[in-house]
Each structure stands twice: as C-alpha cells, then as structure tokens.
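Asks: Just so you know, we're using our numbering here: the sequence shown kicks off at 15 and counts up by one.
Wrong hints could be hidden among the right ones.
[Unchecked claim] List time: in silico EDC-like cross-link candidates among lysine to aspartate or glutamate, alpha-carbon distance up to 16 Å:
1. Lys158 to Asp227
2. Lys620 to Glu400
3. Lys875 to Asp462
4. Lys375 to Asp227
In case anyone wonders, no lab produced these hints; they're calculated from the structure. Quick caveat, the model's predicted, so the values are computed rather than measured.
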Amino acid sequence: LDACTEETVTYAQLQDKVVRCALWLQKQGVKSDDIISVCTGNHYNSIVPCLSAIYIDVIFNSWDENMNLKIIFLSTSTLSRFLRANCIKKYSLSSLKVILYGGAIMNNKVQEELKYILPHVQILQGYGMTETGGPVTSPQSHHKNGSNGVVAKNVQIKIVDPESGKIFESNQPGEILVKSATMMTGYYKNPEATKSTIDEEGWLHTGDIGYIDEDGELFIIDRMKELIKYRGQQISPAEIENMLVTHPAVLEAAVIGVPHALDNEHPLAYVTNRPGIEVTEQELIDFVVENMEDRCKLRAGVIFLDSFPYTVTLLERIQNIIFTMEDPSISYETVEHDPKNFTVENGIYKGPVKHNMNKYKSLGEMLWIRIKSHGNKIAYLDACTEKTITYAELQDKVVRCALWFQKQGIKSGDVISTCTGNHLNSIVPCLSAAYINAIFNSWNENMDLQTALHVLRLTTPKVIFCSEKSVDVVLSAIKEQKCNPMIVIFGKHVDAISFFDILRNCNDVEVANFRYVELDDIKKTACILHSSGTTGMPKGVELSNYGLLVITQGNILAVANTPLLWFSSLYWLSGTALNLSMIVQGSLAIFYPEFDEEMTCRLIEKYKVIISFIFLSTSMINRFLKAGYVKKYSLSSLKIIMSTGAIIKPKVQEELKCILPHVDILQGYGMTETSGFITSQLPSHKNGSCGVVVENVQMKIVDPENGKILGPNQSGEIWVKSATMMNGYYRNPEATKSTIDEEGWLHTGDIGYIDEDGELFIIDRIKELMKYRGYQISPAEIENVLMLHPAVLETAIIGVPHALDDEHPLAYVTKRPGAEVTEQELIDFVARNMMDHYKLRAGVIFLDNFPYTGSGKISRKDLKEMTKELFSQLDKYVETIISLDARTEETVTYAELQNKVVRCALWLQKKGIKSGDVISMCTGNHLNSILFVISETALYFLQLMMPKMIFCSEKSVNIILSAVKKQNCNATVVVFGKHVDAVSFSDILKNCNDVEVTNFHYIELDNIKKTACIMHSSGTTGMPKGVELSNYAMLFISLQYEINLTDVPSLWFSTIYWITGILMNFSGIIQSTKAIIYPEFDEEMTCRLIQKYKVILFYLWKVFFISNN
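When you get a sec, could you build the whole thing from the sequences and use the hints?
Replies: Structure below.
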C-alpha cells in the first residue's frame, strides 16, 4: 500500500509483474551470475527486479542514490528528533509494543527518555552488520539500558585484544569478532579486504570496540578507527559524547581528535544546542572535567553547530575543517614611480646603485626627529568616526607607552607584539618599541588558535597588544602555552590591561625628560614581520633598522601633505612600510576598517585621495572593477592605483585602464624578505608586467634544477639580492640557509621570466606547480585562460593527486553576478585554448566566494586543505554537486561545502553530472539529505559491479546515464517513470504476452552457496565495499521469524540499498505482511501513519517499532 496515493498491489499482481520482468531479462540475454542493479526508492514496483533476478538465478544489487546523505533513518540523532518533536504525545500510539533500534550507539539517556514517554513500549537495541547478513545480538526487554542484547541464534561472538588477539573475559573492552551462519561470502572483487576482515579461522573482525558483561549482554563503545590517543591513552569519543548529551543544553554531540605536537591528539567537541537553551563553551568544558577522567578533557575546545552533517547509517565523526570565510584584509605597498635605468651583466639585472641612502643611526632616531618636526599636523584620520590625531599627540602617546615599557623591564632585543587592525592607536606600540630598541612584531588580527600558538611560541613576546576582536584567541593561546606575557587591549577586557591605562602610568615631567635610546649596531633587528603563510605556518622575517630606514627614505612618492588611503594592517610589510613612509613625510593617513568597493570610492571622492594605496590581490581588483561604483563617484583626483601581492592579470589591468583612463594602473613585485620592492612597473610597461628592477637590487632568472642563469623570455626561479634584505628567519637558521645561498642570493620560490625589455613577468610559485605525466603545469597559466571566459570572476587551480598521472588540475571558480556557465563548458574552454596536459581532468567546483589570506590573496592553503578533506578517500574528484527534494523534484546546485557545519550533501544532478556520480535507492530522502562525491561513487559502483541492467528512479537516472557514458559500458538503464535515454519500466512489463507469463518457471539453482545479492558496507571510512550474500544466507535470515509480520500492516523507511530494507521486503513477502510506503521519515507523519493504519511494525533503517494486536 502506497500511503501517498492509497494505491495497492496484491501478491497475484506482484507475481505477474515479476514474471513479466524475468521474461524480459531473459530476452535481453541476462543469465545466471549476471548482475542486475536497482537504484530507486520505495514504491510498489521497486522489489520487482530483485525478485525477477532471483527467479532466473541472477544476482541483484541495490544502489543508494543518497550515499552519505543526511540521515532520515534513526541514528541517535534522528531518534533525538523523534523524541523531541512532541508528536508522540499528540497521536494515539497504543498499538505500538516494541521499538528495536540499531546502527549507532544509543546512549542510556535516550533509551531512558523513550521508556518514560512510551511506558507501554519495549525499547530494545540490536547489533548487526551487512557483512554478517543480519543481527549478531538479540535484545530482550529485561536487558539493561545501553545493552545490545545477547548473542543471536547461529552466531558466535568473542571480545579480543586488537593488538595481541587475546580473548578477554567479561567487562573487558576489546574488538568484537563474530562468526555467523549467514556471514557474507566476501567483499565483491576485493579479496584483500575480505582477507583483512575475515581471518583464517573464519572470524569476522568488526572493527567495533565493546565488551560483554557478566550477564552476557553486549555493549558497544566505539569504532576502532574513531578512538583518540592522548599521551598514549585511548579515549573513546562515544564516552565523552554520552556524557555531553546528559547536559540539559546539549541536543547532539560528536567528538573528534585534533592532532597535537606533544600529546598525540586532543578531543574537540562539536555540539548542537537544544532549542531555547544556552550554554557556553567553557561551561561544557567544565562539565566534562567534573564528570570524567583528566584524559577526556576537551583540550581542543567546543564548536557549536546549527546542525550536523550525517551519513546514511549513523552520525559520522566530523573530519572536515570548518572554514569561516570573512571579508579579507587588503594588502598594499608603495612603489617608485620615476623611470629608472638598469644594466644587465652576465644575465644579472642590476638596478641603479644609490649610495648614502641613510643618515640616521637607528629607526628610533629617525622617527623621533620626524614626528617632532611635524608638530600639530594631522597624522591619522578615522573615516568611520572622523576623529583625528596630530603628530604631536602621536608623539605624546608613543613616549608614554615607551616609558611604560621601561617600567615593565622591557629592554633592547625584547619582542613587543601587536595583534590589531588599523586604528588611531595601532602604530603606537611599534613606534614605542623603536624608541627603546625593542623589536616590534605584528600578528594577524584574524588568525586562529593554531596560528596564535605558533607565533606565540616563535616570538615569545614580553607584551602583546590586542584588539577586542583578537584578545580571546590570544588569551586562549597563552593559557594553552602556559606562558605569561602582559596583555594590553585597545578597548576593554577583564583579563587584559587597558591601553589607555598604560598611557596614564607616567607624569608630564617623565614625558618631557624622555629621549629615544641610542643603538650600537644599525644592522640589529628592528621588526619581525611574517611571511604570508599561504603554503604553511608563517615564518618570522627579521628586518633590520638599516633595512627599514632605507625603504622609508628611498623609493618615495611625493606624498607630503597628501591624504593617503590604504587597508593593509601592520601585519603586512606594506602596512608597516606605509605607516613609516607617511610619518617620514608628514602625510595624512585615512583609516577605514576593511576594504569595501563603494566605500573606497566614497573616500577617494570625499578626501580627494591623490594616490590610492590599495594593494589589491587580483581578487580585490576584480571586486573593485566589477562592482560598478567606479562610474558612480567622482574619482578625478585619482592618479595611481598600485597592486602587489599577487599576479594581476593583463586583462584586468586593461579593463581598469579603460574604465579609469586618467589613472595609471601599476603593479610591483616584492617580498617581506627583501623589506620592499624588487621591481616596479611604469605606465609605459606592458600589461601584466611587474616592471623593471629597482635601485640597489639585483635579479636573475635561474633553472631551479641546476642553478644555470637563463636568458630573456626563459622561465625559471627568480633570485634576488637587495641592500635591504632580511637578517634571516627568526629562530629558524635552516629556513634561512635554504632561502639565502652562500653567495647571498635569495631564492624567492617564484617562477617568472624577464623579457627582452627587462620587464619581469611572474608565472607562479614553485610549490604551486603541478606535474602531469612529467609535464610541469603552472596553475596561473590555466587561471589566466579561465579569466578570459566572460562568466568567470575569480579562479584558482589546485593539483589533485592521481595514481597514474601524478596530478590532475582542479579548478575552483566563482561566477560573475548574473552569469551562467556549466562545468563542462569551462572544461571545454580550457581544452580548446591550451595544450592537452592543461586539461581540467579533475573538473571544476563552483564556489560562492573564495577563502582569502589576510592580504587578500586567494588562500591556496585553505583550498588544498578543502580539497584534501573532500577527496581524501577517493581516486578522482567530484566535479558537480546537486541537492534534490524527493517530494518536489526541486534541485539546488552547490559548488562546495560551506564553512561551519558541513552537511553531507545530496549531490544528485539531473544534467551535467559526470562520471562517478552515485546511483542508489532514491526514496525516503529530502532536500537535506545531502550526498557528496556522488559522481565518484556512481562510477565506483559501476566499475565494481559491471551490471547488465540498472533500474533507476527519475531522480537518479541522469547520474546513472552519465556514469555509464563515462565508463563507456553498455548496461541497459531502466527507469521507474520516463526518460528519453532510458527504457521505461512500464514498457518492459508489456514486452511479453500472457502465454509466456503462464509458461514461465523459476530456474533451479545448482549451489545454494552462490551469491544471491551484493549489498554494500556503509562507506563511513572509505568507499563502500560490495558485500556478497549467498542464497543460503538470504534464505536463512528471511525465514528466521524473529518478528511476526503475518497479515499485519508494516511501515519502514529503509530502502533496498540496506540489508534491513531487503530483509523487511523478503520477510514481509514470506509472511504476507502489508507494507505501507511513505517517501521519507517525518516525525509527525510517522505518528499519523501508525495511528491511521494501526501499524504493527514500524521500521526506520535499523529501528523497528513493533506491536501485537
């Protein structure tokens, strides 16, 4: 009976259909041991091909279209939904007698709550596996809460030490080993996996950890692969999870291990709150501390989610790093704009040599003199508040802060760190440090705890100045590191000293008598900045007093008395250099907290900004260019836009020049390690060029393999020498040695070439080059081609490992607003315009927006991590993703998993799906049943099974057809419905006449141990394996009448992808049950159906609701 339509099928009608289908199969040449695959949800025709296959000794094999979907079958999570939906009390469930549950660890509290709400119902939990062909244990009403019952008929269980194989006695946890009469024949076409799972004595190693108590009851603790190690001690995530869900505010919890350098792993809890109940991270950490052993402490903290991602079978441990993508900071730098000559000697490009570049003895001396000389001129203006600070006021604050440093015992060579964005006071601690010859060191205000710990351990500062935004991360890092630097906050915090309080810590006499401290060696480190960290943790770059003096006095634009606008914070060389340069010249800096396209135009118009120091990555320039605000505001005062930090594409540069013809669009090339620019572009230089070598810099292009100097237009690694080069990487002599060779050349790690005019063109980073069958592929070259497509806004290419080809290029893409383009169109676009080895063999993933570094560059590190997380268990990579509501057939297309809670996406696609998408049972799912990497799974199934026939729903047919096409096989696809490229199921039933039906007889089997069915393991720890179940096993478990279904209405939601769905169908047929089909689990509708049809059996995946009349 179909509960949606009220249509029914009798056993006589069923028999007729099965025979007709069997006849059709025989006419197609299907014979014994061929495989018939079924990919559909529950409806009254879905069982037909399976039964027809059995009639002619063919193997049937069911696929699940919602692999890795958000689960509608009750795991602990869904059971919680059922418990808390309040529908149970609204309907009469008096017919219900037993709930039998399995498939995930149910904690005692859930079982107790169910018993309290349904006192007339027995709440039982069973344990079984697809590989065992059915239940391993049989639970009874008198068994303890949390127990899975005692060993079932024809099953043997033992608990062993997974290391030694020693058998444990009662109450000792170990791995569960099982023998069963219905055990699988093996994993289909996977003898190695079979051998590693079933040992020589026939014991199946479940991979589950549990114990058997003194009464013979089995208790499951966890999966072996999910155990966390802390200092050699094993921690069960389930134990901590069970504790957390006893907290009144916790709805669900999942605990994973976070790698730790010293302690192996630290437990991290993901938690969803019960509606309306609030709890803090610290409260939950304390709750675990109060109730569990020290090893179980949530040392990696707690992350709150709106909802969890789910697998089909149970709540999977969250292994995805959640990226919170915020609007990035923007990086800017100054550049020399006057034409400069250069010479070439033996392939080395040399900028003009300028002597006597510095007249000061220290950075502190220069700042002291220049700030005092500017008097009451305005130094900084806050564009948000219109507040200003004069140079005289700045000097007063800097001196007071320096005096406070001295009173705290800060001396020459000590490190003072800042972790803040741009505001009127952010530069003060840096200038104060320069006055007393301490080292100032700026951190990224948006860094995470891991990065904070890294920079804290690296620099060991005596004082850290924080914004209100960064202070909690910094305090957490200090607590974990167990160190005691002083924390000063620009604002207020209970655990930090107020910046304004330290300014009041000295009197006017002390201020008047203060003088900067003289320096004995101008080459001493003045500042530690950090490398960008796009390919790893940031390194500390030591910049000397001499280097900073030279870059602030040389290469100067005429900006005196000119308002300047930039967004780069002090974390970046550009922010530090701009602050120091404007102080030297007495300029006015306008601060705005972050880059915004329209606000940038407003500020230029309002303050008549002559030179916009907006050091935009290609990404930020695209935003500025495409937003359309450039034409809305008067930008007539704008003369130069500078870009550094990333390769600006020629097309982008050209477009900006067209829109702003009166503005020079220029870019430079430099590094933190060189303290400034290596090359600078002039208006006469070519689009895409980084310009020519600047004064006091030497540059050459070398073959990275042999160090040979290359000629014009030959690509190689860029090596440089500079008068302002870093002292080295702070506390990292090995990194320094590997970057600066014995002759003093700094190996930049960038790939580029110098053309016949001496102009430098950057191609890529050495570390970002990928290899395809020995060919070197530059991601930037593919990105440049993709940027030519009118629909592409931004793109980044990542190399995806491949077993045979080294790597395949994968494109991440964001579209221009309103533009539409398909994945295949972009793949074809690259194929038409580039050589074969550049093809996007790993596909295209569309993103809503990119992750960025603090400087506004696309964060390749995050993209690589994202790619690794998404595809770590696959050989090929998902190219297109779709979610589909099974009730409405509406779809939503996505490009990527979003930052917080990652839901296992339902990636079904009705068109544009490429090979590898999943085909499976397609019912009982909803828009939140999210499937990811469907393309890979579909192709995997197809390659594994090589079915002759595949029965699909309309929901899954496009995916199946795509996989069949890519695999280049000739399986016949049958659809339950209609599709232009598939055979209609209704049509095959008409393909034989009544005489043929009457004369048909099932084919006798010669060996009952032959495989009847291939099910699939859950795939929670890798690709699903094919589990071969014999005719004997299927007969045995179907005939074991553990539950009486005879002539009673039954309701379940498990599709025939699951062994439970097969068992319910077969047992129901044998016992003449009436199955009520509804497309998906819904708490209230479930209660309605039980009440309406007086349901005797209610089965959700591995959950049974049973009653007797």
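Asks: Now tell me, hint by hint, if it's right for this structure.
Replies: Now the hints, each set against the structure:
1. Taking the CA atoms of Lys158 and Asp227, the gap is near 10 Å; set against the 16 Å cutoff, the hint holds.
2. Annotation: proposed proximity of Lys620 to Glu400 holds, straight-line Cα distance about 12 Å (limit 16 Å).
3. Between the alpha carbons of Lys875 and Asp462 the distance comes to roughly 14 Å, so the proposed pair stays at or under 16 Å and holds.
4. With a C-alpha separation of about 79 Å, the suggested pairing of Lys375 with Asp227 is violated against the 16 Å cut-off.
In summary, the structure is inconsistent with hint 4 from the numbered list given earlier, while agreeing with all the others.
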